[in-house]
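From just these sequences and the hints, can you work out the full model?
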Amino acid sequence: MTEGPLPPVLRRAKILERVSRDGGASLAELASEHAVSPVTVHRDLELLSGEGLLERVRGGARSLPDSRPRSPETAWDTRVHEAAREKEAIAVRARELVEDGSTIFLDASSTGLALARLLELRPPSELTLVTNSPAIAHGLTADTIHVIVPPGELNQHMRVLTGRWTIEFLRELNIAVAFISAAGVTLEHGLTTSRSALADTLNAAAAAAARTVGMLDSSKFGRSSLLSIRPAQALDLLITDAGLPAAVAAEFRAAGVRLERAALLEREYL
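So the sequence shown is numbered by the numbering used here: it starts at 1 and just counts up by one.
These aren't lab readings, by the way, just hints derived from the structure by calculation.
Hints are supplied without guarantee of correctness; some may be wrong.
[Unchecked claim] Straight line, CA to CA, 20 Å or less: simulated EDC-like cross-link-like pairs of lysine to aspartate or glutamate:
1) K14 x E51
2) K14 x D236
3) K14 x E96
4) K14 x E126
5) K14 x E46
6) K14 x E33
7) K14 x E172
8) K14 x E168
9) K14 x E29
[What the hints assert, rightly or not] Here are the simulated distance ranges between beta carbons:
10) G256 x E33: 42 to 52 Å
11) A242 x S49: 37 to 47 Å
12) R95 x A246: 21 to 31 Å
13) G50 x P7: 35 to 45 Å
14) G101 x T141: 52 to 62 Å
15) E29 x A246: 28 to 38 Å
16) L6 x E251: 41 to 51 Å
17) A207 x E99: 17 to 27 Å
Note that beta-carbon positions come from the ideal geometry of N, C-alpha and C, so glycine has one too.
What follows is the structure, encoded as structure tokens:
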């Protein structure tokens, strides 16, 4: 049982973590663990179910099944297969920044997924990993990685959690490193996206972090979307791949951006 009631946002996150870890839980168990009424837990489960994060069953909830009917390819599916080798190279460099015993944030980007896969294959001795990506959370099974998924509104097409609940949750955390990506990056507009909810969520994670590391493959440079997330100079480090022309890299560094180009790896590395 917890030591005193948690705020609703944190309680729902704990409930989701419990159901995901154990495969399911009853209303009575969850009410006892969180010192709240079954009616309160019922409302929590309805909200989490409505966001597509768990499945409601009679008397409780269970985690989503591993295999569901195949749906049409989403924007997320498309992004996962784009520039795969470049994203793997970036992930290998980013993995060096993950320290044992730390707390990190991984955004719902395909490059974030590449880093998550590397952490799964070569897990730290202890790590707390916060992500607004249900896909990333679902793929992490290493015992030493403690996965936390914030509550929020689920965009099924992009496979990302955003919104007021997500932002409020992230603001309460102490994060060592926030790993973020974007649709594009330029010196004029910084990291950009077409979705305001995503920009707000990434800024909340960056604000809660001691360090913010950008992970963008070379195809993102020179591209600018509707909304700015944050200036490239505001990042503690921007990791890209060796495909970025040396002249472009020099231009970013001259403007005060700490930028590194990661060498491409053999496909067998991961």
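Outcome of the hint check:
The straight-line distance between the Cα atoms of K14 and E51 is roughly 15 Å, inside the 20 Å bound, and the hint therefore holds. Taking the CA atoms of K14 and D236, the gap is about 31 Å. The hint is violated against a cut of 20 Å. For the hint pairing K14 with E96, the CA-to-CA distance comes to about 29 Å; that exceeds 20 Å, so the pair is violated. At most 20 Å may separate the alpha-carbon atoms for a hinted pair to count; K14 and E126 meet this at roughly 19 Å.
Of the pairs offered as hints, the one joining K14 and E46 holds, with about 15 Å between alpha carbons and a cut-off of 20 Å not exceeded. For the proposed pair K14 and E33, the alpha carbon gap of about 10 Å is at most 20 Å, so the pair holds. Proximity of K14 to E172 is assessed by CA-CA distance (about 14 Å); at most 20 Å being required, the pair is judged to hold. The straight-line distance between the Cα atoms of K14 and E168 is roughly 15 Å, inside the 20 Å bound, and the hint therefore holds.
Taken as a hint, the K14 and E29 pair is honoured in the structure, with Cα atoms around 13 Å apart against an allowance of 20 Å. At about 49 Å, the beta-carbon gap between G256 and E33 stays in the expected band of 42 to 52 Å. At about 45 Å, the beta-carbon gap between A242 and S49 stays in the expected band of 37 to 47 Å. For the pair R95 and A246, the beta carbons lie near 24 Å from each other, so the given range of 21 to 31 Å is met.
Range check, G50 to P7: about 19 Å between beta-carbon atoms, so the 35 to 45 Å window is missed. Between G101 and T141 the C-beta distance comes to about 20 Å, which lies outside the given range of 52 to 62 Å. A beta carbon spacing of about 58 Å between E29 and A246 contradicts the range 28 to 38 Å that was offered as a hint. At about 48 Å, the CB distance of L6 to E251 agrees with the hint of 41 to 51 Å.
Roughly 20 Å separates the CB atoms of A207 and E99, a value that falls within the hinted 17 to 27 Å.
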